[in-house]
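**Student:** Chains as they are written, first to last, in this note's numbering: chain A, 174 to 516; chain P, 174 to 516.
Mixed in with the good hints, there may be bad ones.
All copies of an identical chain are treated as equivalent in the list; a pair is satisfied when it fits inside any one copy or across any two copies.
[What the hints assert, rightly or not] Simulated pairs of lysine-lysine, DSS-like, Cα-Cα distance not exceeding 30 Å:
#1 Lys319 / Lys473
#2 Lys363 / Lys319
#3 Lys317 / Lys470
#4 Lys407 / Lys512
#5 Lys326 / Lys407
#6 Lys218 / Lys475
#7 Lys475 / Lys319
For the record, the hints were derived by calculation from the structure and aren't laboratory data.
Protein chains: 2
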Amino acid sequence: MNKTCKLFILFFSFTLLYSCTNPNNKNNDLKFGIVIHGGAGTIEKQNYSNERIAEYYDKLNEALATGYSVLENGGSSIDAVEQTIMVLENSPLFNAGKGAVFTANGINELDAAIMDGSNLNAGAVAGITTIKNPIKLARKIMEKSKHVMLVGKGAEIFAAEQNLEIVDPSYFYTEERWQALQRIKEDEIKQKAKDESYLNNIYDYKFGTVGCAALDKNGNLAAGTSTGGMTNKKYGRVGDVPIIGAGTYANNNTCALSATGHGEFFIRNVVTHDISAMMEYKNITLNQAAEKVVMEKLVKQKGEGGVIGIDKNANITMTFNTTGMFRGFKTSDGKSEVKIFKE
Amino acid sequence: MNKTCKLFILFFSFTLLYSCTNPNNKNNDLKFGIVIHGGAGTIEKQNYSNERIAEYYDKLNEALATGYSVLENGGSSIDAVEQTIMVLENSPLFNAGKGAVFTANGINELDAAIMDGSNLNAGAVAGITTIKNPIKLARKIMEKSKHVMLVGKGAEIFAAEQNLEIVDPSYFYTEERWQALQRIKEDEIKQKAKDESYLNNIYDYKFGTVGCAALDKNGNLAAGTSTGGMTNKKYGRVGDVPIIGAGTYANNNTCALSATGHGEFFIRNVVTHDISAMMEYKNITLNQAAEKVVMEKLVKQKGEGGVIGIDKNANITMTFNTTGMFRGFKTSDGKSEVKIFKE
Numbered sequence: 174m175n176k177t178c179k180l181f182i183l184f185f186s187f188t189l190l191y192s193c194t195n196p197n198n199k200n201n202d203l204k205f206g207i208v209i210h211g212g213a214g215t216i217e218k219q220n221y222s223n224e225r226i227a228e229y230y231d232k233l234n235e236a237l238a239t240g241y242s243v244l245e246n247g248g249s250s251i252d253a254v255e256q257t258i259m260v261l262e263n264s265p266l267f268n269a270g271k272g273a274v275f276t277a278n279g280i281n282e283l284d285a286a287i288m289d290g291s292n293l294n295a296g297a298v299a300g301i302t303t304i305k306n307p308i309k310l311a312r313k314i315m316e317k318s319k320h321v322m323l324v325g326k327g328a329e330i331f332a333a334e335q336n337l338e339i340v341d342p343s344y345f346y347t348e349e350r351w352q353a354l355q356r357i358k359e360d361e362i363k364q365k366a367k368d369e370s371y372l373n374n375i376y377d378y379k380f381g382t383v384g385c386a387a388l389d390k391n392g393n394l395a396a397g398t399s400t401g402g403m404t405n406k407k408y409g410r411v412g413d414v415p416i417i418g419a420g421t422y423a424n425n426n427t428c429a430l431s432a433t434g435h436g437e438f439f440i441r442n443v444v445t446h447d448i449s450a451m452m453e454y455k456n457i458t459l460n461q462a463a464e465k466v467v468m469e470k471l472v473k474q475k476g477e478g479g480v481i482g483i484d485k486n487a488n489i490t491m492t493f494n495t496t497g498m499f500r501g502f503k504t505s506d507g508k509s510e511v512k513i514f515k516e
Numbered sequence: 174m175n176k177t178c179k180l181f182i183l184f185f186s187f188t189l190l191y192s193c194t195n196p197n198n199k200n201n202d203l204k205f206g207i208v209i210h211g212g213a214g215t216i217e218k219q220n221y222s223n224e225r226i227a228e229y230y231d232k233l234n235e236a237l238a239t240g241y242s243v244l245e246n247g248g249s250s251i252d253a254v255e256q257t258i259m260v261l262e263n264s265p266l267f268n269a270g271k272g273a274v275f276t277a278n279g280i281n282e283l284d285a286a287i288m289d290g291s292n293l294n295a296g297a298v299a300g301i302t303t304i305k306n307p308i309k310l311a312r313k314i315m316e317k318s319k320h321v322m323l324v325g326k327g328a329e330i331f332a333a334e335q336n337l338e339i340v341d342p343s344y345f346y347t348e349e350r351w352q353a354l355q356r357i358k359e360d361e362i363k364q365k366a367k368d369e370s371y372l373n374n375i376y377d378y379k380f381g382t383v384g385c386a387a388l389d390k391n392g393n394l395a396a397g398t399s400t401g402g403m404t405n406k407k408y409g410r411v412g413d414v415p416i417i418g419a420g421t422y423a424n425n426n427t428c429a430l431s432a433t434g435h436g437e438f439f440i441r442n443v444v445t446h447d448i449s450a451m452m453e454y455k456n457i458t459l460n461q462a463a464e465k466v467v468m469e470k471l472v473k474q475k476g477e478g479g480v481i482g483i484d485k486n487a488n489i490t491m492t493f494n495t496t497g498m499f500r501g502f503k504t505s506d507g508k509s510e511v512k513i514f515k516e
């Protein structure tokens with residue numbers, strides 16, 4: 174054995190030893206994975222054409238592939254979450270970014286949040302009307318400001334200082350969302366819209382949000398959520414999405430989660446933090462905790478919606494109490510799934 | 174024994190029996206109590222005149238007496254919380270309502286939240302400039318809207334519809350707060366204000382909030398918080414106060430809590446919900462949970478502030494990691510205390 178060869182073996186052995194003992198490698202087998210949602214609600218097959226269903230599958234697959242590829246190449250979970258959500262924000266199919274629904278005043282007001290489970294840092298934004306990708310602004314708030322949450326005009330001034338892409342509010346106009354607002358307004362006059370169940374069934378007007386949670390090769394968890402809010406919403410209403418612990422939460426000790434549904438119930442129940450707290454303090458699994466909160470606590474209160482999440486061992490949950498949730502996951506052990514309806 | 178006397182004894186016995194078996198009397202010995210804070214921070218004796226200290230004691234005592242009297246007369250914890258906080262909001266001494274600090278733009282932006290532990294209903298408002306008592310608006314949002322959180326102009330439109338008292342923004346002008354903003358702005362130019370610890374010591378510029386938690390004779394818990402935010406704040410920053418689970422939380426199963434401090438840390442750590450979750454899932458006491466979160470988790474992150482809380486058995490916590498917290502409590506077992514500095 175020549176000297177070069179000996180040196181190589183020595184170097185290789187040290188590298189191996191280091192990688193096995195490095196305390197940063199909490200995840201020794203480098204498990205990683207990603208899970209997404211595109212909203213939960215009264216989502217039933219008969220309400221969609223086959224073409225539209227195919228479009229949803231394509232976009233969900235594209236989003237998953239985008240985030241998974243970041244993780245596979247050793248990228249961070251926070252990058253994977255941001256890039257995955259941008260794919261969904263840029264599609265008119267989901268109520269976030271481009272496809273945002275209209276408020277009662279006929280404008281599009283966007284909310285988003287992101288959280289880094291490695292340091293509990295977080296960024297959130299509410300009530301913005303000119304930022305193309307709200308999830309990018311949430312991340313800038315997390316990384317470039319001393320604050321967690323910025324709202325309205327102030328948030329847009331900060332976005333401009335950070336050179337984020339500003340669009341004319343008309344960018345968020347889509348004919349389909351505009352017509353949905355007109356129908357609700359007409360029915361409000363006819364008093365039909367006073368019947369909540371009618372509104373839920375016809376317009377699915379409360380729901381629609383996109384979200385992502387990811388675990389990277391370094392064992393770091395991250396989560397993010399983005400939404401256009403509720404069709405016909407009034408009074409500067411803010412839902413659960415930009416509320417850390419309600420719609421979005423990540424903590425390396427437990428899991429990363431994004432929620433979708435009737436936001437008020439998710440705020441009151443501090444849903445994503447509650448799931449994390451149950452895992453940490455009751456020592457139950459991600460799926461057990463999600464079932465407890467979504468299928469018991471929320472169902473008891475008639476709080477409709479769901480959550481997606483991934484834990485520090487790449488276990489996945491996609492739990493919802495509605496008839497459907499646009500959802501999918503992909504993990505490094507080769508498992509993958511994209512679904513829309515309850516099955 | 175005549176007939177009247179017999180009837181009286183019969184009536185008295187039934188009343189006694191009913192009061193002992195009535196399932197609404199979860200709290201058989203009718204324990205009740207109230208706890209308040211007026212902000213935590215670098216609050217040290219040498220920075221205050223004796224007259225000013227006396228003013229603080231007087232106002233804290235007045236606030237406590239107001240809420241306690243509601244409870245003593247059989248009123249609800251939510252009424253006690255609202256009325257107590259209004260006393261503090263109407264005083265120029267605290268950074269809430271009348272005494273709110275100024276933003277970088279020289280205006281007063283107010284946030285508040287309230288939560289009813291009996292049904293987890295909640296109301297929150299952020300970024301309002303013309304509502305005399307933000308805590309009243311938070312309660313109206315909780316009780317008269319379908320929403321939990323409203324922000325900015327939309328919230329003020331709702332307040333007007335609910336006939337709340339609207340004031341000219343100049344109502345919130347106080348010479349002391351205005352001068353504090355001017356000093357920070359001058360020091361920003363001199364670059365002094367870049368030193369966080371300097372700002373903390375001189376202006377206590379981050380802190381100052383008022384809050385209250387109460388347990389009524391029916392065993393119902395409630396909590397509320399109100400603030401003027403941070404002196405010189407920019408970008409529509411929202412702190413922890415209006416975030417349910419961060420600055421404000423109440424749940425009849427556990428406790429009611431209000432927080433004060435460096436809001437960003439309280440949001441990231443979902444502080445008040447975390448304390449409640451530890452009580453529920455780890456079966457530890459209110460004080461143990463508050464110590465764990467405020468004195469361990471927050472201290473590790475250099476997150477300064479404190480919490481006040483009361484549990485379903487009228488146990489009190491007033492836990493803070495700063496040099497002082499304006500605080501006080503009064504319970505039906507005759508215990509009472511008002512303090513400002515660490516002792």
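**Student:** All hints are to be evaluated individually against the structure, with a verdict given for each.
**Tutor:** For each hint, the structure was consulted:
For the homomeric pair Lys319 and Lys473, the shortest alpha-carbon distance between copies (18 Å) is at most 30 Å, but the shortest distance inside one copy (39 Å) is not. Taking the shortest Cα distances, Lys363 and Lys319 sit within 30 Å of each other only across copies (20 Å), while inside one copy they are farther apart (48 Å). Within a single copy, Lys317 and Lys470 get their C-alpha atoms only as close as 37 Å, which misses the 30 Å cut-off; across copies the closest is 23 Å, which meets it. Taking the shortest Cα distances, Lys407 and Lys512 never come within 30 Å of each other, neither inside one copy (32 Å) nor across copies (43 Å).
With identical chains, the CA atoms of Lys326 and Lys407 are at most 30 Å apart both within one copy (17 Å) and between copies (11 Å). In this homomeric assembly, Lys218 and Lys475 come within 30 Å of each other (Cα to Cα) only inside a single copy, at 23 Å, whereas the closest approach across copies is 51 Å. For a Cα distance limit of 30 Å, the shortest separation of Lys475 from Lys319 across copies, 14 Å, qualifies, whereas the shortest one inside one copy, 37 Å, does not.
Comparing the model with each earlier hint shows a violation of hint 4 alone; every other hint is respected.
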